[in-house]
Amino acid sequence: MSVIIIMLIGSIIMAGGFLIAFLWSVKDGQFEDHYSPPRRILFDDTINNKPNK
Amino acid sequence: MELEKFSYDNKIPKYFAIACILWGVVGMLAGVLIAFQLAFPFLNLDMAATTFGRVRPVHTNAVIFAFVGNGIFTAVYYSLPRLLKTKMYSHLLGKFHFWGWQLIIVAAAVTLLSGYTTGKEYAELEWPIDIAITLVWVVFGINMFGTILTRRERHLYVAIWFYIASWVTVAMLHIVNSIELPISFMKSYPVYAGVQDALVQWWYGHNAVAFFLTTPYLGLMYYFVPKAANRPVYSYRLSIVHFWSLIFLYIWAGPHHLLYTALPEWAQSLGTAFSIMLLLPSWGGMLNGLFTLRGAWDKVREDPILKFFVVGVTCYGMSTFEGPMLSLKNVNAISHYSDWTIAHVHIGALGWNGFMTFGMMYWLIPRLFKTDLFSKKLASSHFWIGTFGIILYAIPMYWAAFRSYFMFKAFTPEGQLQYQFIDIVQTTIPFYIMRAIGGTIYLGGVLLMVYNLIKTAKKGFFVESEEVEAAPLSVEYVPTGKKFWHSFIERKPILMLVASLLVVALGGIFELIPTFLIKSNIPTISSVKPYTPLELQGRDIYIREGCYTCHSQMIRPFRYEVLRYGDYSKAGEFVYDHPFQWGSKRTGPDLAREGGRYPDSWHFNHMLDPTSMSPGSVMPKYPWLFRRDLDMSSTNSKIYAMRKLGVPYENGYEKNANKDLITQAEKISASLKIDKISISSKKEIISLIAYLQRMGTDIKSEIK
Amino acid sequence: MSIKVLDSKTCFHCGEDCNLSNIHQHDKFFCCDGCKIVFEILNENKLCTYYDLNLNPGIAQKIIIRKDKFAFLDDDSIIQKIIQFTDGNQTNVTFYLPQMHCSSCLWLLENIHRINKGVIISKVNFNKREVFIVLDNSKTSLRKVVETLTSIGYEPHISLHELDTNRIIKGSKIRLYKVGVAGFCFANIMMMSFPEYLSSNGMVEESIRQILKYFIVALSLPVFFFCSSEFFVTACKGIRHKFLNIDAPIALAIMITFGRSLYEIFSDTGMGYLDSMSGIVFFMLVGRLLQEKTYQSISFDRDFKSFFPIAVNVVNDDKNIPTQIDKIKPGDIIKVFNNELIPVDCILSKGKAEIDYSFVSGESLPVVKEAGEIIYAGGRQLSGVLELLVVKEVSQSYLTNLWNKDIFKTKEEMTSSIIHVIGKYFTILVLGIAILASSYWYYHNEYQLMWNTLTTVLIVACPCALLLSSTFTNGNILRILSKNKLYLRHPDVIENISTINQFVFDKTGTLTQQNKIKVTYSGKKLNETEQMNIASLLSQSPHPLGKAINDFLDKRNSIPILNFKWIDGYGIEGWIEEKYYKLGSFEFIHGNMNPNQQNNSTVFVKIENEVLGEFKIVNNYRFGFNQLLNDLNKEFTVAIISGDNDAEYKNLQTILGSKSDILFNQKPLDKLNYIKHLQQIKNMKVMMIGDGLNDAGALKQSDVGIAITENSNNFSPACDGILDASQFSNFNHFIKFIKSGKRTIMMSFFLSLLYNVIGLYFAVQGILSPLIAAILMPCSSISIILMTFGMTELSAWKNGLIKHDNSHV
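Protein chains in written order, with the numbering used here: chain A, 2 to 54; chain B, 38 to 741; chain C, 131 to 939.
Please keep in mind that the hints were generated in silico from the structure rather than gathered at the bench.
Watch out, some of these pointers could steer you wrong.
[What the hints assert, rightly or not] Keeping only pairs whose Cα atoms sit at most 30 angstroms apart, straight-line, the calculated DSS-like set for lysine-lysine is:
| id | chain 1 | residue 1 | chain 2 | residue 2 |
| --- | --- | --- | --- | --- |
| 1 | B | K42 | C | K274 |
| 2 | B | K264 | C | K866 |
| 3 | B | K124 | C | K247 |
| 4 | B | K336 | B | K414 |
| 5 | B | K264 | B | K413 |
| 6 | C | K613 | C | K274 |
| 7 | A | K28 | B | K124 |
This one's a predicted model, so the numbers in the text were calculated from it and none came from an experiment.
So that you can see chain A by itself, here it is in the shape it has in the complex (with noise of 0.2 angstroms):
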């Protein structure tokens, strides 16, 4: 039986690292701005010289 303990703790341990990843993007200002990513991906960054207007 002694694998189920094993493997919880390895589990646990494991799912803890994600909660730290989740902490750090938090940290890091990932979700800081929801209204630029989504937009951001329209525009196409290819350098292209728009004729002018």
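Please build the complex by placing chains B and C on the supplied structure of chain A, with the hints as guidance.
Same frame as chain A, now just chains B and C:
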């Protein structure tokens, strides 16, 4: 530090796109074939390679791993660099990834058709190919995370998280589920047995759906739908929330494939509970996708691409609503083993994966070739044809499922079963035909697309790469007064990886716990004995011919099942089954208690020509079993391997296993003699009969 | 898109109507040269995608920014205060750009490097309206970058505020951490409790149960010690002030559940209820997070200083030295340019002052000041350059005094809030019941029952459902309101609003548009020269109407007028280019009295002997204001107070009727006293709707003060809420909606009380197993949340506050 010039590669995406479409057509062809085989058995052509049992795995694998797989890679290799403002980490790895994957697909097709299979659904490929898959997958991973590490855009767009999660999970699922003990090149036994194996398999099986067919395609959705509609995601916050909840919940839902089986009660309920919770994040995703197009319905009206996306996402919503319903025990009682499941799966596959892929292709190919789509008209007729195909596919299946359910549980006033199994098969055939037609129509639509896209490519010229410029990440950037944070920017993607791995693993492990409980909470049944060498060989033939694709070996505790098939199955009966063969669909009757039901001769004739024993049967003929001699050389290693896996053959038994094998074989051929059937005891059919006659007898004998 | 621009003559850049100006470049029209210039810059830098992403994305550039306005950015000491980091050859800086409003802004600002090659990185944080810029010192300078931004219409908001650096609110992040941790622990604890719940006949093996138990305990610790800390803290605070707030019972319940669970687990009598404990904590944190998020859309913490320039030019032997505002000493001579704010009280020493005091007094028409007169801080100079002698320091000047008056000190905390009251009695009640019941069982020596009762009562009766109901309702109300651009400062405000019975509106800038005066011309079309001449002639007239018309005509260069005559109260006449122009009142033009008397002022135009037409000057009321006043007037009493002259009296009278007060010429202090009077004498619950600073006192004094602003980044010192001007006409719907919120809370209170009563009924008899109690409670909470959410959404929908914005990308 200044602006850097670089370029996005279009070659690899193009390759993957072509492969995706090509394999798509192949896989669907296989599907159409097996669909017709169910209605017209002669289409099995009495050849091993073309029987349903072998073609069906080709169909499932081709569609899932070749069609959808290449679709995923197309999306990743196109969108990832653009989202991260950098080029893919390594072009070489990309090439390797592409050719490796195609090679695997070819190998898979060949081996499956020639009968090399592990007998575990969606994981049928044998161990050498499993290893190859692992290798290519790792290469893909390196390429993906390499790209993330060398990115120029700080923020990881939500689509990328879906890619990461998919990669990590699939990697883990694949490895855990394919832990098997090779006994020869192209033959192996899984380390898990019976209930354990079932649990691991369906944990895998369900998550294959979740993380191969769903999450990557959600990523795809979050990139291509906004792009095609040229409007941002409806709610970015929602997309993030539903991402994490989705990968957290999905992983726990597996056991709902095993309701009413011999799986421990609480593990079943756990599966149900989480499947139901899944509804929320799934619909979160769907609504997010649909609302992205809010106020753009005028666009949708004329743009076939958006049409495909709308229906695709809607189908996702439908099947993610259906899923939780199916995981309710009482609903599952109806749907399990029935055509309902087939319909459910195809709503997802044809609607969600198919249509999303088509939408993507119609959007992508013109861009890769710097031109407009050859014909919008053709595209939208493809849309209508495809939709019609799906409807014509799904409705008959639902109908058939309910119809057969009510026939199964119909009793005469005397309390006898009203219908024989064969009656039910008979009434289902018309629905099989309709379904097959639906599938054919859908395939027709795809061919239209192929033509349209080829014309498009011819029209334009291929753009090998697109020049772009962007500034590198500024390491001194201070988001909120934090200084040292930059060291973290390199680490974060890794953390993301670890993160998803953890979530997933946590789920996995908790599901595996019961398998370790089994030894303790399953009353080990003394009368259950290991298979004799002959039976073991027969069992492997049973697996080789893919019998599990039509026959279950798991009797649920319902009156109408017990009366029809015999006493319901106990977990303890399967402790020596490597792999388990519970099956997931009953095109034919359950075989868990087949042993001793009919004389050997019956089985002999039945395998030779099923209709001779049960008129109207749609089962293929297996003439080759009567021609081929059994390969006895493998017995030794098989017994050895089994003992290694904990089956109590006494030491050194493998040495004289073949002696017992021969004696038992001769006994059977003798019994056949009595019924005027003369056949060499060396033939494969003998061992198969031996296995069939053994099934479920251990307990019977105990009951008596 | 360009076609659209063609047929409707709106400014291609900012979309403002530009029918009178005929500034254009091929097919594109512009409302002002400013807009045209921006367009030209973008065009020559091939940045016209800006115009493709959205239609007319720009902001009107009518106000010309002085060339060397940003000279102070060459001063190192100032630079150091503004930038975040520099290593000599490269500098990081973050600017606050309130103008940011759409994806075009986002795109343009992240492509700045195409205009100013010195910019390496420009990244936008849209939620904060900030752009982070990395610039290459060798190629450009901070000043140049700022000027680039300004040149394309995004003048960075650099103010005194920047000088006190740390303006980061860490709170929400901590909250988010807590939610993360709680969620993680809750999920896993639940996971590990599943086997216990689901295995009907103890199928889970004993050894597994043992292990699971200890994992559960371990996981519950962070929830108890980290996540739920804020409940304990607030509870303690409350108790220290001899007051049981709503957090007290929560804290107690958490503690009891925790303690009892530990007891059970270690005494091996059960699995405890840690899953429900962590569940409660998690749900409540989410609720509070939801609330908090809604406040972030606007920052209340900026003070009036942020509206003063960061530096002014001090004249020192006729050299201009840019100097930080807080370094100005009395006796300095400072230069104030066109359209700049007077930062400090001073005496006019040179130049023609025309000060717009609407910012302070609400007077809509500018005041003309002669040399030697004192000019108070807060006014805005409208024409030409001034030299001023500083008489006070910034901190002591008029505004600051006004600011520091006692009434501006924050109101004493509202302890009246329903939740707290209920929380208080509820707590006492629950404790009472728990003790009674358990002591009863103790008396009957039923110790097991006693324990059951004690814990179950507390668990079942835990008022978290009650708390949640208000938290979620208010949270959701705030969310919906802020979606509709009414930003409330605190949930308590909602409760106050629902008690309001008297509304007081400020006129200038509240009922009327910020750009106070609207001029319309009717009659024969005036050609370019005629317009020019009229403008030139009017520029001689000191009368405000003249000024107004001049602004309207918007002519920069005027031609000299040889001979003209200005008759006060009538008009002005003169000879321009051999033509006789006459501008003025009806009487002045026609000679006789006007038969039909209009209550708004009109200026007639006569050239030679022909009356060409008339300019009508009217106060420009906000759209739908009379409808709004009518509606409010039906249910509540409405009053209007204005710092303005009483020209509009009749107009307003007709709308409000005779019984309601309409007061004019009110200085800020009068307004304040009026509110006081209403509250104390008539003891009304008053809501004051005014604008920004000039009503600060009144806003503070009123029970609820709502500041109305043209752009939500505007200054709003004393208010409880900010209403975006565009939403003004829906205001009464907001009120209705908010009042409905109270009903929702009450109903959900009732529901949760019902839950509690039923629960208690079984709990006191000790027949309710703690496990069931623990399962029931989250259920009740969730049902409450769903209900409140549903109801608020419903009433929001009823009041038309939920609309689909089909906004472009």
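- Query: Which hints from the list above does the structure break, by number from lowest to highest?
  - Reply: 2 and 6
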